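K.L.:
Given the coordinates of chain A, work out where chain B should sit on it, guided by the hints.
Chains as they are written, first to last, in the working numbering: chain A, -18 to 393; chain B, -18 to 393.
FYI, nobody ran anything at the bench for these hints, they're computed from the structure.
Label pairs and their computed distance ranges (CB to CB):
| no. | chain 1 | residue 1 | chain 2 | residue 2 | range |
| --- | --- | --- | --- | --- | --- |
| 1 | A | Lys215 | B | Pro367 | 23 to 33 Å |
| 2 | A | Ser1 | B | Lys287 | 41 to 51 Å |
| 3 | B | Thr302 | A | Met(-18) | 57 to 67 Å |
| 4 | A | Asp251 | B | Glu299 | 22 to 32 Å |
| 5 | B | Asn151 | A | Gly138 | 43 to 53 Å |
| 6 | B | Glu237 | A | Glu181 | 37 to 47 Å |
| 7 | A | Glu14 | B | Asn151 | 50 to 60 Å |
| 8 | B | Phe240 | A | Ser306 | 41 to 51 Å |
| 9 | A | Asn132 | B | Glu290 | 44 to 54 Å |
| 10 | A | Asp137 | B | Glu307 | 41 to 51 Å |
| 11 | A | Lys88 | B | Glu299 | 45 to 55 Å |
| 12 | B | Glu307 | A | Lys(-10) | 53 to 63 Å |
Treat the numbers as computed from the prediction; the structure is a model and nothing was measured.
Ideal Cβ positions, reconstructed from N, Cα and C, are used throughout, including at glycine.
2 protein chains.
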Amino acid sequence: MKTNLERIKRDIEYISKFNSTPGDGTTRFSYTEEDKKVRKYLTEEMKKLGLHTTVDPIGNIRGKMEGKNPLLPSIMAGSHIDTVEHGGNFDGVAGVISALEALRVMKENNFTPDHSVEIVVFVEEEGPNFNFPLGGSRIMTGAYSVEDLKNQINSDGVSMYEAAKKFGLNPDNMENYMVKKGDIKAMIELHIEQSVVLDELKIPVGIVKAAAGRKWIEIEILGDSNHAGATPMKFRRDAVVGASKIISKVDEITTEKAFESTVATVGKIDCFPNIPNVIPGRVVFVLEIRDTDKKGIEIVKKEVEKNVEVVCDKLNLEYKTKELSETEPVIFSNKVITILEQSAEDQNIKYKIMNSGALHDACLMSRVADVGMIFVPSIKGRSHCPEELTNYEDIKVGADVLLGALVELSTI
Amino acid sequence: MKTNLERIKRDIEYISKFNSTPGDGTTRFSYTEEDKKVRKYLTEEMKKLGLHTTVDPIGNIRGKMEGKNPLLPSIMAGSHIDTVEHGGNFDGVAGVISALEALRVMKENNFTPDHSVEIVVFVEEEGPNFNFPLGGSRIMTGAYSVEDLKNQINSDGVSMYEAAKKFGLNPDNMENYMVKKGDIKAMIELHIEQSVVLDELKIPVGIVKAAAGRKWIEIEILGDSNHAGATPMKFRRDAVVGASKIISKVDEITTEKAFESTVATVGKIDCFPNIPNVIPGRVVFVLEIRDTDKKGIEIVKKEVEKNVEVVCDKLNLEYKTKELSETEPVIFSNKVITILEQSAEDQNIKYKIMNSGALHDACLMSRVADVGMIFVPSIKGRSHCPEELTNYEDIKVGADVLLGALVELSTI
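Looking at chain A on its own, in the form it has when it is part of the complex:
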């Protein structure tokens, strides 16, 4: 059984039309008109395959191909259809369409699995709207409660809870739709890599072993704000001088002292008062560290904090550090990884075992099921931008690996 390149291309291109910012990337927030139209298309396509479709009370869609033994736990595949603002056509959609195509091919080939096989379309994965990334899978797996949706407010002051209600859903009923351990045997998410590794290596498929954990540490450097013209160099306590000396060592610390899997980024810097002719008295920046190995995160944290102390001591500056958030690394199921490898090898598809630096809905699903992920290459690593691009041929190859694994997993 092989997936069909033309259908994959047609589906992704069709879905891309439902976009609130045409000409400036793709924007499709959850619970909007664009979202509604894509949902309609997908449920119609699922119904054509005879799937039993359900929309849960917060908007996650599930489409079930009944297995020979309905008492066995389902095998699940899917991803999301929402995008960031001015994003691309592939993030999320590639995984939903690969799952749909895999089920189409099973149906065409009159393959009836032992376990039921489900497509899942998670709601609100990106999170820029309600500031609640992975919202759909977080609620579905019980990591957060429906109550939490009332605190996730968009820029119009509307909560995700209210928005779901306006969209015709009834979040209060979610209790009966939660996924618990034992409901799902295994889940696989195909997703674009959103980085350059597969594209650089010209390998069409990544099989993901683990997703990195993440720590955010806010570092505040305090000096004296003063007149930039009137204050001689030797009398200054310039917070930018301290912050720049600290930030400039983060990349070296990460590459030299931690692991190949460790990444560290200072993506947010705020300088006060941020006026060219005033010596900044305060700089606040966020150090983000990610690794699939918690030890890597701890090494960078410790070394950067040591450097904060040394630099501030030398420059007579003060500092405060605060841990803003932490997520644990997710190690995917060895069983599912082995099945994915076997599926690729059976089809002579070249693959790379790799890590995910980002979190995906699959990471939440690993709370309740055996989970694996397939990555397909992002051209030049671009994602969350209009330039986001993945070759349809690569998605097709990834979908073939997914299909093979779903067949294997759904057969006793």
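P.N.:
Then chain B, alone, in the frame of chain A:
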């Protein structure tokens, strides 16, 4: 002749009451109710001394004590009464009140100068309101035209030109009130130092030799904005890494390669998109360099730009540099400096010959007259903030130096 400490204290404390942000520093913008009340007080005090007062069409106040020979050019002293938002009580006001007090003492002592002696109160020196620092002296000396006032807009969308009109002035008449070469023989401005030098050395008076010139260079570092979790360290083009390595060397370059008079500051940094989990694709910062010696400015500029090239080359980043603005250093009059030194020495007042890192109205006046400046200590160098403080005793000592110099300059 000696100035009177109590009167100086009383005047400054009285003026400080006219403040639109009581309890949170002093805020007194030009053309406001607070400004109007201080103007009223000052002109009344001038009239008590028999001064002939004029308000020019943009709001600069001049109060003239007629000399024995009205054909001789005037000697002038003064400063400004506007403040930054949440500023202090001394910046500007100290110089206006010192000049007023000097004329009071002359009058009390029945001293009639040969040259007329004038107090000047410049309008809109600080500039945060209309983004037009030194506005009053710039227009008075012809460095800018009244037309330029139409382009200086405050946050309510009102131009300085319109605001002056609403305040009852008629800027279009300014032509007849300009100060030209030959109108003023000499001008002296007493001002708080706004830095730590005098306070650290415990010297009550600075005699200013020169005011630093200034260059603003905008440096833009360009890399690739990418997912901070998904992009391995070796595949990154992180603009913050480049910018931090450049900024972290600015202080060393300045202290090791330029002069003691050179200062360099990075006070403004903007990072894009400024989100903790996105590798910044763009960082823009402004390098400000000041020195009384242009060579110092050029050394830092050249060395920093060389480092921009080296860093960006090594990290595969792109960059753009743009000179935003430049002002020339101002060298004050040797004649006036000598008279100020003599005045201090005659009164056994300890002084330090020093430079000004900031520009003042006096710098503009040097376009048309012989100019000198007196600095008095700023406690801990604080200025433009509620903590701004100068001991009244030090202002009195500075006013005595001013008085002595005005007497000398106004006598043939």
